[in-house]
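Heads up: the protein sequence lines correspond to chains A and B, in order.
Each residue of the first sequence is one higher than the last, beginning at 1200 in this note's numbering.
Each residue of the second sequence is one higher than the last, beginning at 38 in this note's numbering.
Incorrect hints may have been included.
What the hints assert, rightly or not - Computed Cβ-Cβ distance ranges for the label pairs, DEER-style:
#1 Asn-1229(A) to Ala-97(B): 32 to 38 Å
#2 Gln-1242(A) to Pro-100(B): 24 to 30 Å
#3 Leu-1251(A) to Ile-71(B): 51 to 57 Å
#4 Gly-197(B) to Arg-1233(A): 46 to 52 Å
#5 Leu-1222(A) to Gly-50(B): 55 to 61 Å
#6 Gly-65(B) to Gly-1208(A): 50 to 56 Å
#7 Val-206(B) to Gln-1234(A): 31 to 37 Å
#8 Val-206(B) to Arg-1233(A): 40 to 46 Å
#9 Gln-1234(A) to Ile-178(B): 37 to 43 Å
#10 Gly-1217(A) to Asn-116(B): 29 to 35 Å
#11 Leu-209(B) to Leu-1222(A): 32 to 38 Å
#12 Lys-102(B) to Ala-1225(A): 24 to 30 Å
#13 Ile-71(B) to Arg-1233(A): 27 to 33 Å
#14 Arg-182(B) to Leu-1262(A): 32 to 38 Å
Stated by the list, open to error - Not close to chain B: a few residues of chain A, all C-beta gaps over 12 Å, as computed:
#15 Tyr-1209
#16 Ala-1225
#17 Pro-1235
#18 Ala-1254
#19 Val-1265
Stated by the list, open to error - A few chain B residues facing chain A, derived, Cβ under 7 Å:
#20 Thr-52
#21 Arg-129
#22 Gln-218
Don't read these hints as lab results, they were simulated from the structure.
Computed from a predicted structure; not experimentally measured.
Every residue, glycine too, gets a C-beta built ideally from N, C-alpha and C.
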Amino acid sequence: MYGSLAIVGYGLSAIGPGIGIGLIFAAYINGVARQPEARGMLQTIAILGFVLAEALAIFGIALAFVFSGTNPNG
Amino acid sequence: MSLPLLAASAEHGYTAPDQSIFWQPLIGSGAFAITRPAIVFALSAVLIIALLLAGTKRLAVVPGKKQMVVEAAYGFVRNSLARDIIGSKDFRRFVPLLFTFFTLVLVNNLFGVIPPIQYPTMSRIAFPLALTVLLYLTYHIVGLRRKGFARYFGGLVPPGLPKLIVPLVFLLELLSVVVIQPVTITLRLFGNMFAGHLILVLFITGAEYMFIDGGLGLKIVGIPTIIMAFVLTLFELFVEFLQAYVYTMLAATFIASALADEH
């Protein structure tokens, strides 16, 4: 069995964006529930926020592969 | 279609796919090889041209089916992306660029799940990078032309800040505009397609290994694995649409902020 610590690091780095994206969409749902007519405007803002939070997770996966190294056993 | 992977797994156990599955030269080898994504990309360009020509050949006031699809895609990019984000004053110049981004990214992403192509071109970083270079030049050049050098870079700092932190904010904003924005938009598209495709390959080849080489226990576990592969394919389809939308939206946002009068 061989694994990479870099992938564990990616798992850790995905926690923050996961919470962040949850908060963003929670706020979006709240906003739409209170004011359904603002849906269009809120959607753009929510997706923009989602994208910015997601960037961190994407950095994580790119770096996980950059630093994944080689298999010491073979 | 991951032949080296299957050959490796037949010998000793299952080898999980890694980034090497994306390197698939078809003609030649080394840096100038014609690879599978290059051909898929060319195919996507031909397909987009053919679809757009077919959709706009006989324009009618009451649109036919093809014209309706093309008009819906164009209208979406023009109205809900370009006009709403850049503003009604000068969005028209950027509609062709944004529409190109949207269609190109969307079709190339969809190739990731459409058999028999099943290769998301954007999972090779060169392709999103080339699109971003175009975008990068565009938004800096239109910004510089509109405002001139001093106002373009001076406008990065919001007015009314205490004098002490102005240099700090300026450096941060400069870093954001010059480095972080293009890097994140490229890596986002690349990373999503790369990771998504890797997950699909992992589940599908994993299920294949379990069914063919595994014992009874592994064969039973293979059933949820193949169901999961199906579910994740649908999820990928969703992500592919979303990423095309997100890329175009961010492109429009960058252009808008380069053109905006104040911070």
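Going down the list of hints, with the structure as the test:
Evaluation of the 32 to 38 Å hint for Asn-1229(A) and Ala-97(B) yields a failure: the beta carbon distance comes to about 45 Å. Separated by about 26 Å at the C-beta atoms, Gln-1242(A) and Pro-100(B) satisfy the suggested range of 24 to 30 Å. The supplied range of 51 to 57 Å is broken by Leu-1251(A) and Ile-71(B), whose beta-carbon atoms lie about 37 Å from each other. Evaluation of the 46 to 52 Å hint for Gly-197(B) and Arg-1233(A) yields a failure: the beta carbon distance comes to about 31 Å.
Taking 55 to 61 Å as the suggested C-beta distance range, the pair Leu-1222(A) and Gly-50(B) does not conform, at roughly 42 Å. For Gly-65(B) paired with Gly-1208(A), a C-beta distance near 36 Å fails the hint of 50 to 56 Å. A beta carbon spacing of about 33 Å between Val-206(B) and Gln-1234(A) agrees with the range 31 to 37 Å that was offered as a hint. Under the hint 40 to 46 Å, the C-beta atoms of Val-206(B) and Arg-1233(A), about 33 Å apart, miss the expected range.
Under the hint 37 to 43 Å, the C-beta atoms of Gln-1234(A) and Ile-178(B), about 39 Å apart, fit the expected range. At about 33 Å, the CB distance of Gly-1217(A) to Asn-116(B) agrees with the hint of 29 to 35 Å. One distance hint, 32 to 38 Å for the beta-carbon pair Leu-209(B) and Leu-1222(A), is violated here, with the actual separation near 23 Å. Under the hint 24 to 30 Å, the C-beta atoms of Lys-102(B) and Ala-1225(A), about 40 Å apart, miss the expected range.
The hinted range of 27 to 33 Å is not satisfied by Ile-71(B) and Arg-1233(A), whose Cβ atoms lie roughly 55 Å apart. In this structure the supplied range 32 to 38 Å holds for Arg-182(B) paired with Leu-1262(A), their Cβ-Cβ distance being about 36 Å. Once the 12 Å rule is applied to beta carbons, Tyr-1209(A) is inconsistent with being away from chain B; the minimum gap is 9 Å. Remark: the non-interface label on Ala-1225(A) is consistent with the geometry, its nearest Cβ contact in chain B lying 19 Å away (cut-off 12 Å).
The non-interface label for Pro-1235(A) is consistent with chain B: the shortest C-beta to C-beta separation is roughly 18 Å, beyond 12 Å. A Cβ of chain B approaches the Cβ of Ala-1254(A) within 12 Å, the least distance being about 5 Å, so the stated non-interface status is violated. The Cβ of Val-1265(A) sits about 10 Å from the closest Cβ of chain B, inside the 12 Å cut-off, so the non-interface label is violated. Interface restraint check: Thr-52(B) against chain A, minimum CB-CB distance 10 Å, threshold 7 Å, status violated.
Residue-level restraint check for Arg-129(B) is violated (minimum Cβ-Cβ distance to chain A is 20 Å; threshold 7 Å). With a least beta-carbon distance of about 10 Å to chain A, the hint placing Gln-218(B) at the interface is violated under the 7 Å criterion.
Violated hints, listed in ascending order, are 1, 3, 4, 5, 6, 8, 11, 12, 13, 15, 18, 19, 20, 21, 22; each of the other numbered hints is respected by the structure.
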